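Now for the letters of each chain:
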Amino acid sequence: GDSVTQMEGPVTLSEEAFLTINCTYTATGYPSLFWYVQYPGEGLQLLLKATKADDKGSNKGFEATYRKETTSFHLEKGSVQVSDSAVYFCALDSSNTGKLIFGQGTTLQVKP
Amino acid sequence: SAVISQKPSRDICQRGTSLTIQCQVDSQVTMMFWYRQQPGQSLTLIATANQGSEATYESGFVIDKFPISRPNLTFSTLTVSNMSPEDSSIYLCSPGLFRIRCRYIQETQYFGPGTRLLVL
Numbered sequence: 001g002d003s004v005t006q007m008e009g010p011v012t013l014s015e016e017a018f019l020t021i022n023c024t025y026t027a028t029g030y031p032s033l034f035w036y037v038q039y040p041g042e043g044l045q046l047l048l049k050a051t052k053a054d055d056k057g058s059n060k061g062f063e064a065t066y067r068k069e070t071t072s073f074h075l076e077k078g079s080v081q082v083s084d085s086a087v088y089f090c091a092l093d094s095s096n097t098g099k100l101i102f103g104q105g106t107t108l109q110v111k112p
Numbered sequence: 113s114a115v116i117s118q119k120p121s122r123d124i125c126q127r128g129t130s131l132t133i134q135c136q137v138d139s140q141v142t143m144m145f146w147y148r149q150q151p152g153q154s155l156t157l158i159a160t161a162n163q164g165s166e167a168t169y170e171s172g173f174v175i176d177k178f179p180i181s182r183p184n185l186t187f188s189t190l191t192v193s194n195m196s197p198e199d200s201s202i203y204l205c206s207p208g209l210f211r212i213r214c215r216y217i218q219e220t221q222y223f224g225p226g227t228r229l230l231v232l
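For the record, the sequence lines run as chains S and H. Note that the first sequence covers residues 1 to 112 in our numbering. Note that the second sequence covers residues 113 to 232 in our numbering.
Check each hint, because a few of them may be wrong.
Pairs of lysine-lysine residues, derived as DSSO-like cross-links and limited to a Cα-Cα distance of at most 27 Å, are as follows [claimed, not checked]:
| id | chain 1 | residue 1 | chain 2 | residue 2 |
| --- | --- | --- | --- | --- |
| 1 | S | K52 | S | K68 |
| 2 | S | K111 | S | K52 |
| 3 | S | K111 | H | K177 |
| 4 | S | K77 | S | K56 |
| 5 | S | K111 | S | K68 |
| 6 | H | K119 | S | K60 |
Rather than coming from a laboratory, the hints here were simulated on the basis of the structure. On a predicted model such as this, the values are computed, not experimentally measured, just so you know.
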């Protein structure tokens with residue numbers, strides 16, 4: 001079945017460091033791919049998405065490119081801030097109905 | 113983006129009791145997804161609820177434990193029955209396939225704010 005695998009956390013970085021959180025997927029067909037963020041004590045927020053191969057999603061300085069050849073959707077940010085500390089979830093929708101399959105989540109801690 | 117509300121936002125319950133969680137969306141949607149997020153874990157789909165038909169449950173979840181109602185296209189409830197401490201989680205609803213002027217549009221997936229449940 002479809003699945004999403006994220007890199008193990010926690011990821012600890014200093015402020016202004018470069019961030020990469022790896023995400024790979026297994027799916028039939030052409031899924032849509034998402035990154036969600038969950039700040040401490042808050043709900044789930046959509047960060048960015050991509051719906052077809054080579055699409056780049058971006059928001060708040062974060063970017064991810066849909067790579068079909070490597071079945072990946074890695075999240076990147078050039079310079080992280082303390083306020084980016086959160087749990088990040090990669091997800092896919094292979095049925096185009098909104099039914100999502102999530103990765104296990106990666107905790108990011110940014111220190112000043 | 114859709115406006116999604118859930119009630120209650122949080123609750124503390126005794127084992128053996130049941131809690132019904134409500135989810136209200138400001139648009140008509142064909143499908144409603146219910147997810148569970150156990151402490152420190154990712155989100156797992158419990159079931160998919162369509163209006164006018166029985167919900168479809170994922171492996172490991174059964175109707176007797178998590179009965180779902182879907183009385184109309186903007187509202188759904190999830191009941192957590194005969195609760196045990198293992199049911200302590202955040203429960204989230206998520207609408208899919210919005211109905212806009214007789215067309216169905218797959219909008220980006222949004223989530224309700226969640227219901228934080230603690231079972232003692």
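Structure-inconsistent hints, enumerated in ascending order: The structure breaks hints 2, 3, 5, 6; every other hint is satisfied.
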